[in-house]
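First to last, the protein sequences are chains V and D.
Reminder that position 24 of the first sequence reads as 24 in our numbering, one-by-one numbering, no gaps.
Reminder that position 70 of the second sequence reads as 70 in our numbering, one-by-one numbering, no gaps.
No wet-lab data here; the hints were simulated from the structure.
There's no promise every hint is true.
Mimicking BS3-like on lysine-lysine, the simulated pairs with C-alpha atoms at most 27 angstroms apart in a straight line are [what the hints assert, rightly or not]:
no., chain 1, residue 1, chain 2, residue 2
1, D, Lys26, D, Lys69
2, D, Lys70, D, Lys56
3, V, Lys42, V, Lys57
4, V, Lys83, D, Lys26
5, D, Lys69, V, Lys42
6, V, Lys83, V, Lys57
7, D, Lys26, V, Lys57
8, D, Lys70, V, Lys78
9, V, Lys57, D, Lys56
10, D, Lys93, V, Lys78
11, V, Lys42, D, Lys93
12, D, Lys56, D, Lys69
13, D, Lys69, D, Lys93
14, D, Lys70, V, Lys42
15, V, Lys83, D, Lys56
16, D, Lys93, D, Lys70
17, V, Lys57, V, Lys78
18, D, Lys93, D, Lys26
Each chain is listed here by its residues.
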Amino acid sequence: EPEVTQTPSHQVTQMGQEVILRCVPISNHLYFYWYRQILGQKVEFLVSFYNNEISEKSEIFDDQFSVERPDGSNFTLKIRSTKLEDSAMYFCASTRPINYGYTFGSGTRLTVV
Amino acid sequence: SQQGEEDPQALSIQEGENATMNCSYKTSINNLQWYRQNSGRGLVHLILIRSNEREKHSGRLRVTLDTSKKSSSLLITASRAADTASYFCATDKEKLTFGTGTRLTIIP
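Excised from the complex, chain V in its bound form (with noise of 0.2 angstroms):
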């Protein structure tokens, strides 16, 4: 069965640090995703991407976080000046058209120290 695969598993940054969390989609899918799971809370939305262009965003993902899809296949979030708050479980999930389940990857803990 398709998965959506993400890279690293776990990533320890130094606060400040930029890091990027890679994920590859499943490669019929159309829309994409990222989430986040701080330990012991809910799933938040942070932002979907479709037709090359980000097409919702929360009010979590701000100035400080990117995405890209650069060669049509890996799907990638950039925190450009990680804070401790943004320690977390990162989900990346990826659909087709309406009224389809989503597809999550296993996620990558990002722990900022």
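Chain V is fixed; fit chain D onto it per the hints.
The following block gives chain D in isolation, referenced to the frame of chain V:
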């Protein structure tokens, strides 16, 4: 926001019993989905029910949707130890919005 809120927050039952989890939401939806998350792992899609459907089955799972009450329920029949996980409802209207989850523990 169209947040899903699950009830109860935690549920412990004996293996073999049925588990029922409820979800309420606030705004209109295209569909409602249920996901499972094992501790520290990714989210696994379980079942999707469209806004014009009232009930759906998949194996040991049964989902109901009442759009007039903006609520849904997930029933897991004949529970197994492997069903121990957190279960989330998520409303879909151009993106998924997750509820707070129910932590289900199946006691062998």
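Okay, the hints, checked on the actual structure:
{"no.": "1", "hint": "Lys26/D x Lys69/D", "verdict": "holds (9 angstroms)"}
{"no.": "2", "hint": "Lys70/D x Lys56/D", "verdict": "holds (16 angstroms)"}
{"no.": "3", "hint": "Lys42/V x Lys57/V", "verdict": "holds (17 angstroms)"}
{"no.": "4", "hint": "Lys83/V x Lys26/D", "verdict": "violated (32 angstroms)"}
{"no.": "5", "hint": "Lys69/D x Lys42/V", "verdict": "holds (23 angstroms)"}
{"no.": "6", "hint": "Lys83/V x Lys57/V", "verdict": "holds (19 angstroms)"}
{"no.": "7", "hint": "Lys26/D x Lys57/V", "verdict": "holds (20 angstroms)"}
{"no.": "8", "hint": "Lys70/D x Lys78/V", "verdict": "violated (36 angstroms)"}
{"no.": "9", "hint": "Lys57/V x Lys56/D", "verdict": "violated (31 angstroms)"}
{"no.": "10", "hint": "Lys93/D x Lys78/V", "verdict": "holds (25 angstroms)"}
{"no.": "11", "hint": "Lys42/V x Lys93/D", "verdict": "holds (18 angstroms)"}
{"no.": "12", "hint": "Lys56/D x Lys69/D", "verdict": "holds (17 angstroms)"}
{"no.": "13", "hint": "Lys69/D x Lys93/D", "verdict": "holds (17 angstroms)"}
{"no.": "14", "hint": "Lys70/D x Lys42/V", "verdict": "holds (20 angstroms)"}
{"no.": "15", "hint": "Lys83/V x Lys56/D", "verdict": "violated (43 angstroms)"}
{"no.": "16", "hint": "Lys93/D x Lys70/D", "verdict": "holds (14 angstroms)"}
{"no.": "17", "hint": "Lys57/V x Lys78/V", "verdict": "holds (14 angstroms)"}
{"no.": "18", "hint": "Lys93/D x Lys26/D", "verdict": "holds (12 angstroms)"}
Checked against the numbered hints above, the structure breaks hints 4, 8, 9, 15 and satisfies the rest.
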